[in-house]
Amino acid sequence: MSMPLTGITMPKWGLTMTEGKVVQWLRPAGAAFAPGDELLEIETSKITNVLEAEASGTLLRVVAPEGSTLPIGGLLAVIGPADAPVAEVEKFVAGFVLPEPADATSEAAAAPAPSVVEVGGSRLRYLEIGSGDGAPVLLLHGFGADLNGWMFNQPALAEGRRVLALDLPGHGGSSREVGAGDGAVLSQAVEGFLAALDPGPVHLVGHSMGGAIAVLLAARRPDLVRTLTLIAPAGLGPEINAAFIDGFVRASRRKDAVEVLQMLVHDPAMVSRTMVEDVLRFKRLDGVTAALDTVARAWFAGGRQTLDLTAAVAGLALPVQVIWGRDDRIIPVAHADAVAPAVPVHVLEAAGHLPHMEKSGEVNRLIRRFIDL
Amino acid sequence: MTVKTIRQALHEALEQEMRRDPRVVVIGEDVAGGAGTGGGVDAAGGVLGVTKGLIKEFGAARVIDTPITESAIMGAAAGAAMTGLRPVAELMFSDFLGVCFDQIFNQAAKFRYMFGGKARTPLVIRTMIGAGRSAAAQHSQSPYGIFTSVPGLKVVVPSNAYDAKGLLIQAIRDDDPVIFCEHKLMYDLKTEVPDEAYVIPFGEANVVRDGDDVTVVALARMVHYAAEAAETLAAEGIECEIIDPRTTSPLDEDTILESVERTGRLVVVDEATPRCSMATDIAALVADRAFQFLKAPVRRVTAPHTPVPFAPSLEKLYIPDPDRIAAAVRAVYGYGR
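Protein chains in written order, with the working numbering: chain A, 1 to 373; chain B, 1 to 337.
By construction, these hints were calculated from the structure, which means they are not laboratory data.
Where is the CB? At the ideal position from N, CA and C, for every residue including glycine.
Among the hints, a few may not be true.
[As the list claims (entries may be wrong)] Pulled from the structure, derived: some chain A residues nowhere near chain B, Cβ distances all over 12 angstroms:
id: 1; residue: L70
id: 2; residue: G74
id: 3; residue: D83
id: 4; residue: D133
id: 5; residue: P155
id: 6; residue: G192
id: 7; residue: A196
id: 8; residue: M263
id: 9; residue: E362
id: 10; residue: D372
[To be verified] Distance ranges between label pairs, derived from CB positions:
id: 11; chain 1: B; residue 1: D254; chain 2: A; residue 2: A31; range: 44 to 50 angstroms
id: 12; chain 1: B; residue 1: D175; chain 2: A; residue 2: A195; range: 32 to 38 angstroms
id: 13; chain 1: B; residue 1: D195; chain 2: A; residue 2: D223; range: 19 to 25 angstroms
Use the sequences and the hints to build the structure in full.
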């Protein structure tokens, strides 16, 4: 019995995505592909991203042509063994049933929605996806970001395990109170969050400032942490792009926001109008600029990183891996040299400061492989 | 985040700012609805209910019902603004600006200038604009162009609930007189609006839709008609970039000019009459500053230069609609091809 036919369907990236547009097929119909091969480019109202193959197979039939818009779960293509009979493919396409996209109520019921937990008098927002026997994962975003930044990673990591993405204090839907806004305050908030939800020891994945927070937490409470994946982490050297930090805190208009957000990525086209609008909408809320300013001054006073965690990382007894984008313009990739030779460092080409978005498939594979060890 | 109507968004903005700042007061006809009279406390809340409920929380000293006398409302509000309060005055229909234009045009708008920059006038005037309800020629106009022509006034023309809340809060926190125009057919229009307070800066247009073929600048209700037309046109292969200036004074000239620089084609959609209007103003801006990028004449889709008709059939013809917008876009897109 040969392997059965399956469909590639429109993925759901982020809380608000309801449909996606096929920009371009990167493999022609009939082509064979291996895991990680880029299959097609999909554009949502917020972002354009590449959908990569999960397993190997052959692209038997492209169902959704370039330029077409499909709801989440809509059939993009049929994949399977190269020798699958045409009649079987026809049958699969004809028999494909779109999962009810339908009315707002069923969609709301199906789509995971963020929750809020009270920790030490502050509200922390988080999004939980997945369940199963696998050890849970906790995702910690960087400065100015929020849990939506993990939109390409959280669903992919959530197979067979619980994956939590947290909004740090002062960020996303969490309280605006940040106290001193420094590493101690923010890592204590994460510790409080873990105490409140009690998921057991987690695989910590931290990006940028979130990476530094992950190190602080793992150093203080190694009992709460199984492994550490640090993506372009802060704390491994003094350099930081001060123009980005200042610009991000200050930007209140689209033009300024576009300029600073483009510093984050290798390909500036990734910064869409709605992505910029989302950042501005967050920054317009009362209290946000003050919170970000406090955090920025605590972490990056005088345009330098104030926290040196190289000794803390060296002292960790748990498994650590580092992922960095070659073209990171926020924190230089050279900081990866600060970790011990035993720590695996993966430098991704054609990626900036957001490799988990820019090269999501690769980062997801690196994380899965690492935490499944 | 919840979905709210423009009415709810405006109410929330007033409520949150009144809680935040005791100097914020509301004044106008029926803003509470007969408080102190036979009408009963909180019987109305403005003609369309935006201020309903405020008097219960903030009392009659901060939610001030007035007689039908626009000149007194605006005069009192302008004076109060200059002497330390932050009034939000209601001019029920913008068509009534004639009776209080001195207070707005020659007093509030001039205070900062006449007192050598020492006077501040943190005054907001909320007022209804727009045709489409068969309210006839004296209750259907959109005179934001007249307000915009007055130096010293800021003018806001929101098209959705998210913008309405953020712009009204910005208007209340602003130290200059702001005319805040609400389209009478749009109060029930819904979109996602944060529960928290937030401000949208003045002079920052919203790009409603990206497109490289034709720039369409539209205001208030016309933003939605332009979006409808753009859907139709996209199916024909014409991509419109829709720009909603959100404030006509200050006007985000850069966003309009940068878009025209790319598309080379401009259609301006304005529900107001065409002479000395926003449509004309924006067309002139582009003719003056982006002439070298234009590939086709600028087209304006506006009301005709007549009073707003009462007869529903005529009123329907009077207001620009998606078909007229689409036709204008096709014309400039096809020009010279």
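Hint numbers not upheld by this structure, sorted from lowest to highest: 12 and 13
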